[in-house]
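I would like the entire structure built from these sequences, with the hints used as guidance.
Our numbering runs 17 ahead of the 1-based position in the sequence shown.
Calculated directly from the structure, the hints in this document are not laboratory data.
Hints may contain errors.
Claimed, not checked - Simulated crosslink set (BS3-like; lysine-lysine; CA at most 30 angstroms straight-line): (1) K117 <-> K43; (2) K43 <-> K101; (3) K37 <-> K120; (4) K120 <-> K43; (5) K37 <-> K117; (6) K123 <-> K101; (7) K43 <-> K123; (8) K37 <-> K123.
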Amino acid sequence: MKTISDNASEEDEEKAISDKWLQFAKQAVSPYLPGLDRAQISVNQQHCEVDCKVHRGIGLNLGRKQAQKQVADRTVVIFRRQVKMGEHDHVHYARVTMNKDGKMMKMAFSR
18 MKTISDNASE EDEEKAISDK WLQFAKQAVS PYLPGLDRAQ ISVNQQHCEV DCKVHRGIGL
78 NLGRKQAQKQ VADRTVVIFR RQVKMGEHDH VHYARVTMNK DGKMMKMAFS R
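Structure representation (structure tokens):
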């Protein structure tokens, strides 16, 4: 089974994307997420976790599955904007996934 995570880690802050990539992501999202200038932005590297075969070694790990984490060659830019409608607060999200060359692979919205 393969699991993909785009949660932030300490390593992600060191590998921040260029301003050019960030501007490209903002431009792609702006028609769908009004008020982008007030949005919270986070940049994360995607991590893939792949289940390995059962480890049959001697010791505490006898028969346990070992998970292997790999850094994918993808960067996820997440825009989060809180909108007040009447008495309710709504959070709108936009996610832009880019490959290692800065090309947009996927864009997703939640409103």
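Status of the hints after comparison with the structure:
1. K117 <-> K43: 18 angstroms, holds
2. K43 <-> K101: 22 angstroms, holds
3. K37 <-> K120: Holds. K37 to K120 sits at ~11 angstroms (cutoff 30 angstroms).
4. K120 <-> K43: 13 angstroms, holds
5. K37 <-> K117: Holds, at roughly 13 angstroms.
6. K123 <-> K101: 28 angstroms, holds
7. K43 <-> K123: Holds, at roughly 14 angstroms.
8. K37 <-> K123: Holds - the C-alpha atoms of K123 and K37 are around 18 angstroms apart, at most 30 angstroms.
In terms of the numbered hints stated before, the structure departs from none.
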